[in-house]
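Chemist: One letter stands for each residue in the lines below.
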Amino acid sequence: MIDPTFLLELLIASIIAGFIGALTGLGGATVLVPIYTLFLAIPIAYATGASLISTIATSSGAASAYIKDRITNVRIGMSLEIATTAGAIIGSLIAHIVYEDHLEFILFIIFGIVILSSLYPQIEKASLELPRNMKPDWSTRLFQLYGKYYDATLRQIVEYQGVRWWLGEIVMFFAGMVSGLLGIGSGALKVVGMDWAMNLPLKVSTTTSNFMIGVTAATSSSLYWIFGYIEPVLAGVTAIGVLIGSYLGSKALVRIRNVRLRLIFIAILLFLGIDMIIRGVTLWI
Amino acid sequence: MDLNDVIGYALRIGVIISVILIIIGFILLIPNPKFSELESPHSRFNTSVIKPEQVLYGSFKGNGLDLILLGLMVLIATPVLRVILGVIQFTLEKNKIYTVITIIVLFNLLLAIFIIPLIVK
Numbered sequence: 001m002i003d004p005t006f007l008l009e010l011l012i013a014s015i016i017a018g019f020i021g022a023l024t025g026l027g028g029a030t031v032l033v034p035i036y037t038l039f040l041a042i043p044i045a046y047a048t049g050a051s052l053i054s055t056i057a058t059s060s061g062a063a064s065a066y067i068k069d070r071i072t073n074v075r076i077g078m079s080l081e082i083a084t085t086a087g088a089i090i091g092s093l094i095a096h097i098v099y100e101d102h103l104e105f106i107l108f109i110i111f112g113i114v115i116l117s118s119l120y121p122q123i124e125k126a127s128l129e130l131p132r133n134m135k136p137d138w139s140t141r142l143f144q145l146y147g148k149y150y151d152a153t154l155r156q157i158v159e160y161q162g163v164r165w166w167l168g169e170i171v172m173f174f175a176g177m178v179s180g181l182l183g184i185g186s187g188a189l190k191v192v193g194m195d196w197a198m199n200l201p202l203k204v205s206t207t208t209s210n211f212m213i214g215v216t217a218a219t220s221s222s223l224y225w226i227f228g229y230i231e232p233v234l235a236g237v238t239a240i241g242v243l244i245g246s247y248l249g250s251k252a253l254v255r256i257r258n259v260r261l262r263l264i265f266i267a268i269l270l271f272l273g274i275d276m277i278i279r280g281v282t283l284w285i
Numbered sequence: 001m002d003l004n005d006v007i008g009y010a011l012r013i014g015v016i017i018s019v020i021l022i023i024i025g026f027i028l029l030i031p032n033p034k035f036s037e038l039e040s041p042h043s044r045f046n047t048s049v050i051k052p053e054q055v056l057y058g059s060f061k062g063n064g065l066d067l068i069l070l071g072l073m074v075l076i077a078t079p080v081l082r083v084i085l086g087v088i089q090f091t092l093e094k095n096k097i098y099t100v101i102t103i104i105v106l107f108n109l110l111l112a113i114f115i116i117p118l119i120v121k
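Protein chains in written order, with our numbering: chain D, 1 to 285; chain R, 1 to 121.
Derived from the structure by calculation, the hints contain no laboratory data.
Fair warning: there could be bad hints in the mix.
Over 10 Å on every C-beta distance to chain D, these chain R residues come out as not near it, computed from the model [unchecked claim]:
no. : residue
1   : L28
2   : L29
3   : F45
4   : E53
5   : P79
6   : T91
7   : Y98
8   : N108
Derived coverage of chain R by chain D (criterion: at least 3 residues anywhere in the stretch with Cβ under 8 Å from a Cβ of chain D; other residues may be distant) [said to hold, decoys possible]:
no. : segment
9   : 4 to 15
10  : 18 to 27
11  : 58 to 70
12  : 109 to 119
Since the model is a prediction, treat every value here as computed from it, not as a measurement.
Backbone N, C-alpha and C fix where the C-beta goes; we use that ideal spot for every residue, glycine too.
Turn these sequences into a full structure, and let the hints steer you where they fit.
Modeler: Okay, here's the thing in structure tokens:
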């Protein structure tokens, strides 16, 4: 017998995750994996496999909208993908070892820590709409880390210059590794890398991150495919649900001011991060 | 219409094709008695037991599960296509450093898709 309730639960959970993911630049998975594992009792390997697939859907589905908005910086995104894809390969291989040895509790705890650690830079800068001006360095020119976009809420054209490409690249390697390890787009860390390390405006960071997570997740998910962490029915429902959610989220993004965006960000992360750590410790003991 | 628009549309079309395949797959799969087993969160069936050529063959024969899998494969392929289009874009713009950067990204992706599976298996 088919259980339509369970399918419906999956669909609703993934729509919510997709909405929040697109809105924050986190990628749906950061919200999806906790919901699936904590509330729907799905094994973490399948939850992460499905969420990787959904992350690609979010990214590719929203990309055309963002390119039209001209906020996404494709150059900066691409240059950082070198590090994220390399990190994703390493992370996926580590994840495989962890599952083979049944050490899933580690992933819950790391998941929680990753979520919570992305809180600090958000709180610190929460009052600022735009980044402080910083002097361009050698990497600004070499890697063409500049751009401008029209901010619909501030009603002005924002020009920006990114700095410290190398620092961004280091953060991105870890972002990629975490993505492969936890099956998430690792959007939070990517936003940290661009927003904190490279001093880019939050809207550029979130949209560019959303553009990047697809390529990172494709790297991880092709390895997850081989390892057998993708359950097709689960992944299929999740992909569709997250797509619906992310479509709605991308519509809402352009209308919300940055400060409010950060507050939504913080509240959700806090809750899910703590829950994941508690689950991990429970499994451990 | 510049290349950015082409890339945007290519991604969107890729996602639409993938979603259509997945939805058709579900419609064909739901009446199948095997479905409840597949739908279980603890299902043993997963991608490690699948051969890509079987997916293609099964999809043409109207096998729901294979159509879902094909949809997932198309979805994974969209970012790869995006990077390939990126290489073309930067080449046309004569942006040398970014052409090289994008080729490195493509290399990493192809490494994960084709080469590492051979080593791991």
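Chemist: All hints are to be evaluated individually against the structure, with a verdict given for each.
Modeler: Now for the hints, and whether the structure bears them out:
no.	hint	result
1	L28	12 Å, holds
2	L29	8 Å, violated
3	F45	7 Å, violated
4	E53	15 Å, holds
5	P79	4 Å, violated
6	T91	13 Å, holds
7	Y98	6 Å, violated
8	N108	4 Å, violated
9	4 to 15	holds (count 9)
10	18 to 27	holds (count 6)
11	58 to 70	holds (count 3)
12	109 to 119	holds (count 6)
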